[in-house]
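Novice: Protein sequences appear in the order of chains A and B.
Heads up: the first sequence runs through residues 57 to 213, numbered per the numbering used here.
Heads up: the second sequence runs through residues 7 to 162, numbered per the numbering used here.
Please note that the accuracy of each hint is not assured.
Below, in silico cross-link-like pairs of lysine-lysine (DSS-like), each with a Cα-Cα straight-line distance of 30 Å or less [to be verified]:
{"id": "1", "chain 1": "B", "residue 1": "K55", "chain 2": "A", "residue 2": "K141"}
{"id": "2", "chain 1": "B", "residue 1": "K88", "chain 2": "A", "residue 2": "K205"}
{"id": "3", "chain 1": "A", "residue 1": "K185", "chain 2": "B", "residue 2": "K88"}
Reference excerpt, derived from the structure (chain A facing chain B, CB under 7 Å, subset only) [to be verified]:
{"id": "4", "residue": "I94"}
{"id": "5", "residue": "R130"}
{"id": "6", "residue": "F157"}
{"id": "7", "residue": "E178"}
In short, the hints are calculated from the structure, not lab data.
The beta carbon of each residue, even a glycine, is placed where N, CA and C say it ideally should be.
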Amino acid sequence: MAADSLITDKVKKLIGVPSEPIVFKVEEGAIQRYAQAIGDPNPLYNDPDFASRTKHGRLLAPPGFTGWPVKGGRLTEEVFKSLIKAGAPPRVLDGGIEFEFIEPIGAGDVLTATLQIANITERETRLGKTMFTTVEATFMNQKGNVMLKSRSTLIQF
Amino acid sequence: MAKQIYYEDVDVGTEITPLAKIAMTRMLVQWAGASGDFNPLHYDADFAKAMGVGTPIVHGALKRAWLGHLMTDWIGEEGKLKKLSCQYRGMDYPRKMKTMEEPHDGETWWCKGKVTKKYIEGGEHLVECEIWVENGKGDKTTPGSALVALPTRSEK
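Chain A with its partners taken away, still in its complex shape (with noise of 0.2 Å):
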């Protein structure tokens, strides 16, 4: 078993190691956009009038939007080539994700993002062999405040 095991050693090298921060933008029309493709017609998302008047003063994002990375990209993009390259498989499927709201997100703010790989399990499902792992992410606002946490599963197969 641990001969065939999908967590080798270049695989589990890659566990607790912190990825270069990645810089996120929140914008008026991103959030927009984001609040229709939910379906979510709330004010506080969808009018800018509405919502600065508000306590929040702008446009607030729904709860787990970040906004667009500066440089383009996924959020755990990078994390997943960095395991395809340890040789872990490629096929890859959302497994669910934890989200800590600490602040509310909006209009304006710029978040960097700290990721890192807090564990991988492995176990047969229906897929055949599936890797588990548990991605950690912790944003930043522009005054240093920690603003969301989450934790991401992907499945690999």
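Since the structure of chain A is provided, determine the placement of chain B on it from the hints.
Specialist: For chain B alone, kept in the frame of chain A given last:
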């Protein structure tokens, strides 16, 4: 928006106001653009087949966002969503389009939930909920949980 709900209004077992959603292929493309998730698994039939999921599936993150919508509608402007988690257990398949904007008849998804615990901690009135998205057959394809802080009538 619905009227504000208060801590005193809920008990263990209280049902969260359900929210209906209809996934359709058009919506998945819109979500891809809005979220930046351009995985062809969600719009390319041949790719989805090669990945072993049959046909393109609904993004897990879209279902997670639906659950966010469920919770923020329920807790209202004075409530605070503190935690939300879910697992993408079952595949969901969007309705195909009949017109440019309308899908064919078919499945409707429901976001639902109920209160599992309420307690006061650190001066906050906290409520834990079990939440999920269920498909047209009533299967919970996306089970999860949420933690919210609600306003209290006594501090009004």
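Novice: Return the numbers of the hints above that this structure violates; sort them in rising order.
Specialist: 3, 7
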